[in-house]
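Enquirer: Spelled out from the first residue to the last, the chains are:
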Amino acid sequence: MDINWFDADYLPWLILFFPLLSFGIIVLFTAHSRILSQVVAMTGVCVAWLLSMIEFIKVVWASDAELGKEVFGSTVDWMTLGVSTFKMGVLVDPLTAYMLLMVPLACLAIFVYSLGYMRGDPHNSRFFGYISLFAGAMLTLVLADNLLMLFIGWEVMGLCSYLLIGFWSHKKSAYQAGVKAFMTTRVGDVLMLAGVGYLFLETRTLSFRDILYDEAVLEKLVNTPSVLFGGSAAALIGVLLVMGTIGKSSQFPLHAWLPDAMEGPTPVSAMIHAATMVSAGVYMVVRMFPLLSAGADFHNGDFSTPMIIMGLVGGFTALFAAVLAVGQNDIKRILAYSTISQLGYMVAALGVGAWVAAAFHLVNHAFFKALLFMCSGVVIHSMEHGEQHAAEHGHDPAPHAEPDGLVMDYVAPPNDVLRMGGLFRKLPITAITMAIGGLSLAGFPLITAGFWSKDEIISEAWHGTTEGYPLALFVLLVLATAALLTAFYTARMWFLTFWGKPRTAAAEHAGEGSQVSWRNLWARLRRRPAKATDPGEQLTALQMEIPLLVLAFLAIFAGFIGVHTDFPLLGDLDNPLHEFLSGTLIEHPPVIDFDWLPVLVSVALALGGLAVGFVLYGIRPLAKAQVDPTERALGPGIWQALQNRFYIDMLIRRYVLRPAEHVARKIVIEDIDKDTIDGVLESVAEGFIWLGEAFKRFNTVVIDGVGDGIPRAIGDFGSWFRQVQTGRIQQYLLVVTLALLIIGALFLIQVG
Amino acid sequence: MVPLWMYLVVAAGLFCIGLFGVLTRRNAIAILMSIELMLNAVNINLVAFWRYQTPDKIGGQVFAAFVFVVAAAEAVVGLALILAIYRRRRTVIAEDVDMLKW
Amino acid sequence: MTDTLVDIGLSHDLAVLIAKLVGVFVVATCGLLWTLFGIWLERKVSGRLQDRLGPNRVGPFGLFQTLADTIKILLKEDLVPDGADRWLFNLAPVLSTFSVLLLWVVIPFSAGWIGTDLSIGVLYLLAAGSLGMVATLMAGWGSNNKYALLGAFRAVAQLISYEVPMVLAMLVPVLMTGSMSLQAIVEGQYIAYGLAIPLTVFIFLASSLAEIGRAPFDLLEAESELVAGFHIEYSGMKFGLFYVAEFLHAFTVGVLATVLFLGGWRIPFVSAQDTPALLGFGSLLIKSLLVYLVIMWVRTTLPRVRIDQILEFNWKFLVPLSLANLLVVALLWKIVPDTDQIASVNDALLPTLVLLTANILLIVVTSLILRERGRRERAHIAALYGPVDGAADAAPAGVGD
Amino acid sequence: MEITVEAIVFLVFSAITLGGALQVVLTRNLFHAALYLMLSLFGVAGLFVLLTAPFLAGAQVVIYIGAITILIIFAIMLTPQVTRVLKVHHTQWPVALALAALLFVGLVWTQTPLADELGADGWSADFTVEDPADVPADSLTDLGKSLVDPERYMLPFEAASLLLMAALIGAVLLVNRPDDNPDAEAAPAAGARPDQSG
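Residue numbers (my numbering), protein chains in the order written: chain A, 1 to 752; chain B, 1001 to 1102; chain C, 2001 to 2401; chain D, 3001 to 3198.
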């Protein structure tokens, strides 16, 4: 067969092929050479990125008359089982193209960053093999033209996630976190697979073209009653698919794994837990949106069951995670909760039908969150140097012993924002880029990408609220609150990290001899001897900071393609995104009318949050041994609750306490002794003990029951059931004979 | 001649005795012997049906001959396995050889 | 005889049964009586061959020596070892003799003188012969004696091994006749097969010698190693039965060789139809005795070989050779025209000559290979231990393979 | 059915077969069990003769008695149980007995004239047939030819040969101990009188 591989129909095969190829090469051939593995991995991802760009351009300019009206792709038969044939295929429609703009670029940035970050790690080759496989899987997922292939990519990513979280498997906490992540997401995956299977049962196909682009099929699904729980087949399938997203995108109640997943190397956090894998969950629901919303007329307030679930779960998660993020001191965990929160935004947006906004935010978020993670990586890296230096020169008492396994309130010293401070001078580039990423996350008006997409979501929710839909009202309220908190915790994180004076010896010596500074860079450019001692470290710094700059650029400018046309001044940009993405859906989502009120509200929220953060942490930076002002304001009870990830839900007034008794006792004893709080707080603390006890039970039953209990139950069932396998052939034979007899008897009855 | 069903009953009896042996004997070699009994029961059936139903076609005998081959191969490999296991574990009791459990 | 009985008024079935019983009785008795004479003959002949007199005290020429021995054996105490498996211990000698006598069922003593002309005669020979193995095992096991058990093991290992070339050799006449019936094989030998395929006769005789455990293959009862083999614990008439079985088996091998390769009861240049039954029987007897003489000759002249040599000889020499031989014969039998309708000496002449030529060629080739191997072996040994008894052709040390 | 010589012979052989088989299953002493196996198989060979399949009968004796059972006896002797095993049968024997009996009843039920009373239309066999057609005189020749006839059973025949070959090689590989010197071949048998049971 004569195939022009550079045809837009076939090119996608190559895109996903190269990273997988480099995985194969690394695993099979170059595992012994770190340099070679790096070269292979970089080549793979570079080629994938270049090809993606070519494909993207081809798609965008395929027909200049109407943007994004054409769908490219090709399929091949994969395997035939009985009468049904499973096909493998690629599909590039505007949504995919938009993802292709983001995914390979993010991957590339993270690969480059990893070159620096993982330098010196003895298992470098393994790492690059894994992330190559991961990139290949993500591209498979994005380019798949059917649910099965998507699911394969999905699962391979799950595997990679497991492998990469537990990459430093010598740490007990790391592999425990890996297992936890794997098992928790498995719950969602199984339900999703059930949904896929049910969908196949009903439609005999899993191809997106056949399902999503065919009104008749959707119609049929809506009209088929489902096998369970009543409702339509479409609703049940949709709910099951959403379950998959809840697991993958770490939504409540399956969110617990993501914060712990921060045990993995930072590039992994950036790639898997910010830019791609968790986004894949959202991507899947975005992709399947026609199915999820099938039968519903959400423009007129008629939401389908999956949408309602998405609205409630997403909204709740967005707020809940934002609250938790406020109380975290681990820089990566702040970002992890922030990620959960932002993903909740997208899911909630889909719940109210803000399809374009969700996709828009998905990509923007990937850019700025990857940026933030990578910045935090640089910070941690330099803090580690500082810790080492401090330990060597005896500035600090011996560093804490690492806990054995996962402990909720343990914060690794290099990650602790309270131990930082004043890093701006040490890491100027990082500080600036992180500020950009943070502003984007907070939704700083007009100049950041985050603002435009978040604003769009809020606008859509607002629009729904004005029409009088309760779901929209709920989403609006929680998202608005969450936006405020987001701005606040972002500001808190940034100021604590970079502002003021170093609060520990480690921070004072952070990055000593490692980070590139402007002066050094400048010296390098002028071929003067640099101050840094090790040229390899210079390279490391470059490799880690160049991606930051690229992503910072995107964190600002990626938003301008989606500005509402009625927005003053910037509206002239024409909002090409909406028109482009609309091509994906049969029924074009309408552009809602521009309204000043939500824009002002979101501006106010973002600025308000940032302002509070600035007041608390910026004006008078936190000094050594000073209590965190937020802690002061909230009172130690709530603060501890937050830090220990008490699951606080302001709306339902519920707290969930994890290591309840232990922590509660600590609160009582220590806080009374400290005498910083008056007697009122004693009773508050008492109350918390009681609450803690009460919600410990809730925690044990509901959260653990869902998060840990299901895997454990499966495990228990397995160990019970495996008793059947005694290894004694004669028992097996006995059973076989019994079966033979029964079959024979049945046969006899049938014949006789 | 004796009616066909009598041969079949003998074969059935042989088969069931063999089955009982396979299910209950603890020594692996005894199990193997019981299997031989079952194979022979099959052979009786093959030959009997050949004789009474299609004596002009040779198929029944041919298949019986193939059963011989299978039996020989089975015995050889089975005994070799038993010997190999015996060397390693010093036992020929089938239920002691339960390495495959869980 | 059957007809006579039917005439008396018995039913046909019963008549056949009685006739067969009588036949069995006659054959078995004659066989055992023949043993008395045969044992004397063997002792006499081996005596002469070894330059001594042999039995000469009891009766003329010591003819009644065997009789006397029998009486002595019968009078001896019948010992059963402690812990022996009584049933098996007692059954084994009976079965041993029985298995040899069973062979005689299908042997054609003369035209029409045959127990049952089975269409699967050759196969029957093998089947009946395998009973002997069982008897050996039973004896070895039942005696509760480790030498007996080891002896039985060796015996069976040897029997099983040598069954392979023996069967392959027996297949050759079957192939040439196109029947497994021994009577048909005899009748098919217009020219004795032995003339056409001497190599096969050699293979048959060699493997048969091992089958019956005769020197030089009498490892099963090698006194120096196993005391007396599987029948160490037997005494009295039970031992006698083993003895009888062994002798009878040896003689039966002679008969079988005659039947399969030397034209059986046929008299040279006399057609099968014209051979009087009695004369035919005489012819068979004489030929068998001749073969038996050869067996005795071998026994008295060749030294015993080692167990590993026995098995090596079988698997590395006899089996490949017999396979090659069988293939060559089959091929030629297919190529030479009209081999399936030989009805006279003249018809048989061409195939016989062709086969003879082929056999001679095969023998030459085998000899060459053997010579080469022997030379290598000697060189090897010389390289290891120095020249073997000053042999000139041994390669100097270190040169070998 | 009248009592003919053939019927008596049939009954005798059946009794030998089944009795031997029962002993195989029940006897404590494995060596005896093997001998009973021979007996049982010999009975089967007799049945083959009655069924005018003499070749199969001969092959049965040669292959089973002459080879397989001997091999089994070898294996029995090579694997002495050092400690006397008291239990011959598995504890699940009542269940097994019940199942085997049930199976027997079922088979008898379906394979005897009772099946006809069941009104079984699914069977093409006539179980009561007493006078089948005669076997052609040259059935042995036919058997031989059909085994090498490419249009009949040559392929299965070759496959069977291959199977035997594979089994042979496999068995040799399984029990081959490369580190052994050939002189130690008979070593396992040289132990004390093996206790055979179980």
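By construction, these hints were calculated from the structure, which means they are not laboratory data.
The reader is advised that the hints may include incorrect statements.
As the list claims (entries may be wrong) - Label-pair ranges, simulated between beta-carbon atoms:
1) B:1088 - D:3158: 32 to 40 angstroms
2) D:3136 - C:2312: 29 to 37 angstroms
3) B:1059 - C:2308: 24 to 32 angstroms
4) C:2312 - D:3131: 36 to 44 angstroms
5) D:3131 - C:2340: 54 to 62 angstroms
6) D:3136 - C:2340: 16 to 24 angstroms
7) D:3113 - C:2334: 32 to 40 angstroms
8) D:3005 - A:721: 57 to 65 angstroms
9) C:2282 - D:3131: 55 to 63 angstroms
10) D:3158 - A:7: 35 to 43 angstroms
11) D:3028 - A:190: 51 to 59 angstroms
12) A:721 - D:3095: 16 to 24 angstroms
13) C:2308 - D:3136: 48 to 56 angstroms
14) C:2282 - D:3005: 57 to 65 angstroms
As the list claims (entries may be wrong) - If the Cβ cut is set under 8 angstroms, some of the chain D residues that face chain A in the computed set are:
15) 3099
16) 3101
17) 3102
A virtual CB, placed ideally from N, CA and C, is assigned to each residue, including glycine.
Enquirer: Give a verdict on every hint.
Expert: Hint by hint, here is what the structure shows:
1. B:1088 - D:3158: 32 to 40 angstroms: 35 angstroms, holds
2. D:3136 - C:2312: 29 to 37 angstroms: 46 angstroms, violated
3. B:1059 - C:2308: 24 to 32 angstroms: 45 angstroms, violated
4. C:2312 - D:3131: 36 to 44 angstroms: Distance hint for residue 2312 of chain C, residue 3131 of chain D is violated at roughly 56 angstroms.
5. D:3131 - C:2340: 54 to 62 angstroms: 35 angstroms, violated
6. D:3136 - C:2340: 16 to 24 angstroms: 19 angstroms, holds
7. D:3113 - C:2334: 32 to 40 angstroms: About 51 angstroms separates the Cβ atoms of residue 3113 of chain D and residue 2334 of chain C, which means 32 to 40 angstroms is violated.
8. D:3005 - A:721: 57 to 65 angstroms: 60 angstroms, holds
9. C:2282 - D:3131: 55 to 63 angstroms: 46 angstroms Cβ-Cβ, so the 55 to 63 angstroms window is violated.
10. D:3158 - A:7: 35 to 43 angstroms: At roughly 51 angstroms between Cβ atoms, residue 7 of chain A and residue 3158 of chain D fall outside 35 to 43 angstroms, so the hint is violated.
11. D:3028 - A:190: 51 to 59 angstroms: Taking Cβ atoms as reference, residue 3028 of chain D and residue 190 of chain A lie about 53 angstroms apart, which means the hint holds.
12. A:721 - D:3095: 16 to 24 angstroms: 21 angstroms, holds
13. C:2308 - D:3136: 48 to 56 angstroms: 49 angstroms, holds
14. C:2282 - D:3005: 57 to 65 angstroms: 36 angstroms, violated
15. 3099: 5 angstroms, holds
16. 3101: With Cβ-Cβ at 11 angstroms, over 8 angstroms, it is violated.
17. 3102: 6 angstroms, holds
Checked against the numbered hints given earlier, the structure breaks hints 2, 3, 4, 5, 7, 9, 10, 14, 16 and satisfies all the rest.
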